[in-house]
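Place chain X on chain S using the hints.
Number of protein chains: 2
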Amino acid sequence: MQSVTAIRHAIEAGERTPKEAVGAALNGIAAADAGVGAFEHVGDRDVILATAGRSKGPLAGIAVGVKDIFDTHDMPTGYGTPIYAGHKPRTDAAVVAMLRRAGATIVGKTVTTPYAFLDPAGTRNPLNQHHTPGGSSSGSAAAVAAGMVPAAIGTQTGGSVIRPAAFCGVSGYKPSFRLVPTVGFKTFSWTLDTVGFFAAKAADVAALAGAATGRALAVDAFEDSAPRIGLYRSGAWNEASRDMQEALAAVAERAANAGARVTDIAEPAELSAAREAHSLIQNFEAALALSDEFDRFADRMSAKLVEALQSGRNTPPEQYDQARRIARRARTISHSLFEEVDILLTPSAPDAAPEGLESTGSPIFAKLWTLTGNPCVNLTAGYNAAGLPLGVQTVAAFGRDAAALSGAHWLERLH
Amino acid sequence: MQSVTAIRHAIEAGERTPKEAVGAALNGIAAADAGVGAFEHVGDRDVILATAGRSKGPLAGIAVGVKDIFDTHDMPTGYGTPIYAGHKPRTDAAVVAMLRRAGATIVGKTVTTPYAFLDPAGTRNPLNQHHTPGGSSSGSAAAVAAGMVPAAIGTQTGGSVIRPAAFCGVSGYKPSFRLVPTVGFKTFSWTLDTVGFFAAKAADVAALAGAATGRALAVDAFEDSAPRIGLYRSGAWNEASRDMQEALAAVAERAANAGARVTDIAEPAELSAAREAHSLIQNFEAALALSDEFDRFADRMSAKLVEALQSGRNTPPEQYDQARRIARRARTISHSLFEEVDILLTPSAPDAAPEGLESTGSPIFAKLWTLTGNPCVNLTAGYNAAGLPLGVQTVAAFGRDAAALSGAHWLERLH
Numbered sequence: 001m002q003s004v005t006a007i008r009h010a011i012e013a014g015e016r017t018p019k020e021a022v023g024a025a026l027n028g029i030a031a032a033d034a035g036v037g038a039f040e041h042v043g044d045r046d047v048i049l050a051t052a053g054r055s056k057g058p059l060a061g062i063a064v065g066v067k068d069i070f071d072t073h074d075m076p077t078g079y080g081t082p083i084y085a086g087h088k089p090r091t092d093a094a095v096v097a098m099l100r101r102a103g104a105t106i107v108g109k110t111v112t113t114p115y116a117f118l119d120p121a122g123t124r125n126p127l128n129q130h131h132t133p134g135g136s137s138s139g140s141a142a143a144v145a146a147g148m149v150p151a152a153i154g155t156q157t158g159g160s161v162i163r164p165a166a167f168c169g170v171s172g173y174k175p176s177f178r179l180v181p182t183v184g185f186k187t188f189s190w191t192l193d194t195v196g197f198f199a200a201k202a203a204d205v206a207a208l209a210g211a212a213t214g215r216a217l218a219v220d221a222f223e224d225s226a227p228r229i230g231l232y233r234s235g236a237w238n239e240a241s242r243d244m245q246e247a248l249a250a251v252a253e254r255a256a257n258a259g260a261r262v263t264d265i266a267e268p269a270e271l272s273a274a275r276e277a278h279s280l281i282q283n284f285e286a287a288l289a290l291s292d293e294f295d296r297f298a299d300r301m302s303a304k305l306v307e308a309l310q311s312g313r314n315t316p317p318e319q320y321d322q323a324r325r326i327a328r329r330a331r332t333i334s335h336s337l338f339e340e341v342d343i344l345l346t347p348s349a350p351d352a353a354p355e356g357l358e359s360t361g362s363p364i365f366a367k368l369w370t371l372t373g374n375p376c377v378n379l380t381a382g383y384n385a386a387g388l389p390l391g392v393q394t395v396a397a398f399g400r401d402a403a404a405l406s407g408a409h410w411l412e413r414l415h
Numbered sequence: 001m002q003s004v005t006a007i008r009h010a011i012e013a014g015e016r017t018p019k020e021a022v023g024a025a026l027n028g029i030a031a032a033d034a035g036v037g038a039f040e041h042v043g044d045r046d047v048i049l050a051t052a053g054r055s056k057g058p059l060a061g062i063a064v065g066v067k068d069i070f071d072t073h074d075m076p077t078g079y080g081t082p083i084y085a086g087h088k089p090r091t092d093a094a095v096v097a098m099l100r101r102a103g104a105t106i107v108g109k110t111v112t113t114p115y116a117f118l119d120p121a122g123t124r125n126p127l128n129q130h131h132t133p134g135g136s137s138s139g140s141a142a143a144v145a146a147g148m149v150p151a152a153i154g155t156q157t158g159g160s161v162i163r164p165a166a167f168c169g170v171s172g173y174k175p176s177f178r179l180v181p182t183v184g185f186k187t188f189s190w191t192l193d194t195v196g197f198f199a200a201k202a203a204d205v206a207a208l209a210g211a212a213t214g215r216a217l218a219v220d221a222f223e224d225s226a227p228r229i230g231l232y233r234s235g236a237w238n239e240a241s242r243d244m245q246e247a248l249a250a251v252a253e254r255a256a257n258a259g260a261r262v263t264d265i266a267e268p269a270e271l272s273a274a275r276e277a278h279s280l281i282q283n284f285e286a287a288l289a290l291s292d293e294f295d296r297f298a299d300r301m302s303a304k305l306v307e308a309l310q311s312g313r314n315t316p317p318e319q320y321d322q323a324r325r326i327a328r329r330a331r332t333i334s335h336s337l338f339e340e341v342d343i344l345l346t347p348s349a350p351d352a353a354p355e356g357l358e359s360t361g362s363p364i365f366a367k368l369w370t371l372t373g374n375p376c377v378n379l380t381a382g383y384n385a386a387g388l389p390l391g392v393q394t395v396a397a398f399g400r401d402a403a404a405l406s407g408a409h410w411l412e413r414l415h
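Which chain is which? The protein sequence lines are S and X, in order.
Here the numbering used here is used: position 287 in the first sequence is 287, and no number is missing along the way.
Here the numbering used here is used: position 85 in the second sequence is 85, and no number is missing along the way.
Excised from the complex, chain S in its bound form (with noise of 0.2 Å):
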């Protein structure tokens, strides 16, 4: 994989000129992408390189892989579906104009399920073909874990840019919920929507996010002292499978080792109702957000997406309320799971990436971070018999994005 830092470094020092850096980008695209599928669009390469040659600040010489869900000036976006196919969005999605003007260049638009949604789009897994690279911002996750590009963009509603991450063995960072603007991207779900970052390594989508935010977020908050864990095995713990189950307890005995000090953390009752609640807080409000798509074009979606939709407009807006009251409640309550640690340690999936290319695997870990908000970053914790990674993930209290980022830095750092 190309990393994020070492491409900074390289820069720095003078051995490699942005242009050149974002040049072996496109390369990489293209001998690659045909296999793999991450790519919805690759923008012009006279054009990129140019943009690249002029490019200046801290992500200068970083090519950018964008999910199809973000609006681009100069790009065609058409969130997964054939309803906005040569879509021409006349201005940028924030975070997209704020990664450039760090400095980064757009290279492309990376696939993302229809409405970034359940249904599988056709991306292959770099590290397997035959085993989905999870979803819903698949081709980012692939983009980067098959060595294309350095850095991603995608989005998280339930578990969209952890799984993915997990699935294809690359760091995923969803930030604390609005820590990063979602202006200017499809809505499906709005207080659940969460803009994320693909990369090579925990410090590499601190650098990109850090960058793009200009927040310091850098994984220096444990170099001094081990950081507390909590082990959060979470109230979905049986659907995790034997092989996650080992790798979460042989990352945290790793941890224990080099010191940290491991403790156990149940979970507490709101937060298993909080996990129940998020679907129909996400159909109730995704039948809104494409009220008008769902009058006009339901012939033109999914029968899982329609279903989705159909019992959001069927939901009555009282129980839609009270599911919010959950929300709310778990929130207030997840605070009080760091007083006595650092970080949680928890899976980001049940299992390595499924093998076939109709589901792009389960979002059941990682939905209840989004409707709480915390920040999460996925590390790899150990690979199964095929080879295939292990994805468990750093969890920290909301708004601290450094703990989480510097927890997966610090666990990555044992291997």
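Be aware that one or more of the hints could be misleading.
Copies of the same chain are indistinguishable here, so a pair counts whether it falls within one copy or spans any two.
Said to hold, decoys possible - Straight line, CA to CA, 20 Å or less: simulated EDC-like cross-link-like pairs of lysine to aspartate or glutamate:
| # | residue 1 | residue 2 |
| --- | --- | --- |
| 1 | K304 | E270 |
| 2 | K19 | D74 |
| 3 | K19 | E223 |
| 4 | K56 | D295 |
| 5 | K56 | E239 |
| 6 | K304 | D119 |
| 7 | K88 | D74 |
The set of hints was computed from the structure by calculation and includes no laboratory data.
Note that the structure is a prediction, hence the values are computed from the model and not measured.
Just chain X, lined up with the frame of chain S:
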């Protein structure tokens, strides 16, 4: 003015068809808009009448003007700026689709100030064309006040619903934050932007918003007993004109005479602090939301907008985070205002509509409640010597929209 509830009654009684009711609105626009300039675009008459003829549901026969900050799939959408001239969205904003689903007929796009910010856009106050109609939902308020349409929608980030409603003498309803989805309108500030409704009286906006959202917003909360009213002069009281101060006192006295318990409520320090924090939050978020426009099209923006965006860009994230904490604290404190009262009564604006079209007036009495997310409804408390309305607003606890609407309705019936 046309009344939503009167038109509904006439249609239900078979005295009028939906097509006739919408046709009357089109005639009203043709007759009056040349002098007012409320509409940016009016749809094709034949298409609109055919749509109205087919319409079913609680808003069948209700012609609605849509602020040109909302996407419409069948009409151009310009957000008040030449940057988006000729822009044709693929799909409707969520609230537009919700209105259509309830049977409403969208007849045109009403004038918005550029990006719904403070710069005026040429619309005149139909009550006196030398005065501003207020902004940023200038066209929506003016179109209802002039009797062109029975209903219109707008948005409020500072005071953009309550202020033009006050200046034009119509009912304006800003719902609780997020009660109505903001999906599909041009974001300025995502923690402040709120959809709002305009109609003749409180009963009319309640019927309109209730039908669009499927929520119980009927104005019957105080049928049996008078509301308990908190007279909230607010920390900005010195900004209110003598006329406004007297109008507020007069409506409070009428309410007390009619049996309402009226008590003075002083502004907590936390709420004064929140009013001060509003601009910083707004400008910080606007600078991100409009990143791409600012980077590429600043030369097509007003000096005032450029200054606000530059100020937002220069604000360190830590200052924004601190302002957001002040806002959250204010939201918590705001609940305590309603321990003993059902609604607050407070000015909508410092005075009646100012003379001249070079300013849309001050949002100072509205922006605190945009920040806290409380529901607000403007009603006319009296008139100044020039015959222009003096607007005051009812404010209810977060989520108690029916109380704000019912309170305004109860007060309107005292006249």
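Which hint numbers doesn't this structure obey? Structure breaks hints 1, 3, 5.
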